[in-house]
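**Student:** Chains as they are written, first to last, in this note's numbering: chain V, 1 to 303; chain P, 1 to 258.
Straight-line C-alpha distance at most 27 Å; calculated DSSO-like pairs for lysine-lysine:
no.	chain 1	residue 1	chain 2	residue 2
1	V	Lys113	V	Lys207
2	V	Lys113	V	Lys197
3	V	Lys197	V	Lys207
4	V	Lys113	P	Lys11
5	V	Lys106	P	Lys11
6	V	Lys114	V	Lys299
7	V	Lys197	P	Lys11
8	V	Lys106	V	Lys197
9	V	Lys80	V	Lys56
10	V	Lys299	V	Lys113
11	V	Lys114	V	Lys197
12	V	Lys114	P	Lys11
13	V	Lys207	P	Lys11
14	V	Lys299	V	Lys197
15	V	Lys106	V	Lys299
16	V	Lys299	P	Lys92
17	V	Lys106	V	Lys207
Hints listed in this document are in silico derivations from the structure and should not be mistaken for laboratory results.
What follows is each chain in one-letter form.
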Amino acid sequence: MKQATNPNVDMKGASSKGGAFHGFLSSFPLPLVPLFLFLLIFFLWPIGALTGNAFKSNEGAFTLSNIQMLFQDPYRLAFKNSITLGLISALVGAIPGLLIAMAIEKQGSQTLKKFVASISGVLANTGGVPLAFMFLAAFGPAGLVISALKSIGIDLYGMGFTLFSFTGLVIVYAYFQIPIMVIVISPALTALRSEWKDSAANLGASKAQYWLRVGIPLLLPSFIACFLLLFASAFSAFATARALTVGNIALVPLQIGSLIDGNVTVNQFNLGYALAFGMIIVSLLAMIPYIWIQSRTSKWQQK
Amino acid sequence: MATEMKNLGSKIILLVTGIFIFFPLYAATEFSMRNGAEKTHGLNAYRWIFQQSGFAENLAITARITVLAVVLNLLIMVPTVTWLHLSGQRYKRLIEILTILPLIIPVVALATGAQLALPSILENTVYELSFMYVVVAMPYTYRALDIGLSGHPLATLTNAARNLGASWIRVLMNVIVPTIRPSIFAALFLMVALSLGEFTLAQLLHWTTFPVWVTNASQQNIIGATALAVGSLFFAWLLLFGFTFFGGKNSNTVQEEA
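Looking at chain V on its own, in the form it has when it is part of the complex (with noise of 0.2 Å):
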């Protein structure tokens, strides 16, 4: 007769295709196998690879000499746009996006805010080239916006604006970094409840008052740990800053991909990998923070 046994020792049974390995399996997660393996082979070695070629010289050799470039001019330059690129675009995203988050957090319609998550979820994975053209549809030289600017008198483009630059990154990046802070600072915002803006009143707290000891600081994490996401997103973005610059403004990906290309001589390979290299690291500077601050927010906001 099968009973009903412990499901701890039945599930890893199962993937051994019987109970014989019973003792051993039970302090060995054998079905976690596959996953473990997938991400070793596809994630894991990948980045080992490439840090210990960051570390290489073409010879094979160990040398600094690689990561030492990064400090000098074109790269230098690359990183400090890079990550300009990212703070910029951050802050562009993150204070609209609280905002709309804020306004339908108010409106409290139910649809609203589900029409809202897809929408977001929808544009916060858009990117890439179709945004870029979308954009140059509007904004770009024979753009609707810059034409009917023209129309009243008013030429951006002969006043400077262009959208192959660093503004115009930012302008487009917007697209999706707004959505993107719309969708991670949604569930901070419903957490914020109304009874404690109830009993801050109760207990004879202005507005202000209330926001400004029980609000922001319940927020402020969930925000900053949004900047940080939105920061990296930016910073690491590629496809839609490759369409839309034409190599104007040094930036670490598309440095990158022309090295990696093969559009160089072979001798710079390992400079590419010691450009995603100071990327990884630059990136882990902003989500190992980004993932430990949702990690303890996501505890409150649940209860």
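Use these hints to put chain P onto chain V, whose structure you have.
**Tutor:** Structure of chain P alone, referenced to chain V:
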């Protein structure tokens, strides 16, 4: 009066947002329907798309990559997440950390590493992209499945099926998969959306997929390229919106039934 003002404020914010979202799309649609230098509109640029030699061929390549990515993703993730929920709880924290790692590494950097060190059998086939896409999508697909499984008494269902004599494969296929179908669809759609639009890995690993072809084609015909952009955006959006709006609804109803 004060609350009315505030509601007005938030309505204005939402209106401005709406304009910011839809205006570029409108502009792109208008631009893509221009007939060259004349001030007329038509569908010439859309006809141009289908006349291009690489169109069908590259779309087919991307479709095949996508199918393989979806299959790989489900084969690896569904049994793993199910096991974690049924009896591997103590490994959950570890897997959560492992699956979020791809989010930390910029795709450009991952592509650079992949160019260096992928298994040699995969190096010369475009399907290496499918494997990489599964990795890149993992932070999202894992979470989609994890959330879906959390809402169900899987252990009870599984024990019931096992007591009635079902094999583990049968439990997985006939009990678990139907129960968590909405989250499987969620993972599937995330994978499809990523795979259809992915450019960075394809470009840096030197494969011509549909998005890469679109970029190359755009260099000859700017209006045609905009038409392609509008077309692919609408297609991706339809897919994603359909999934998030209706998919979400489905998963709620199922949870209520369970």
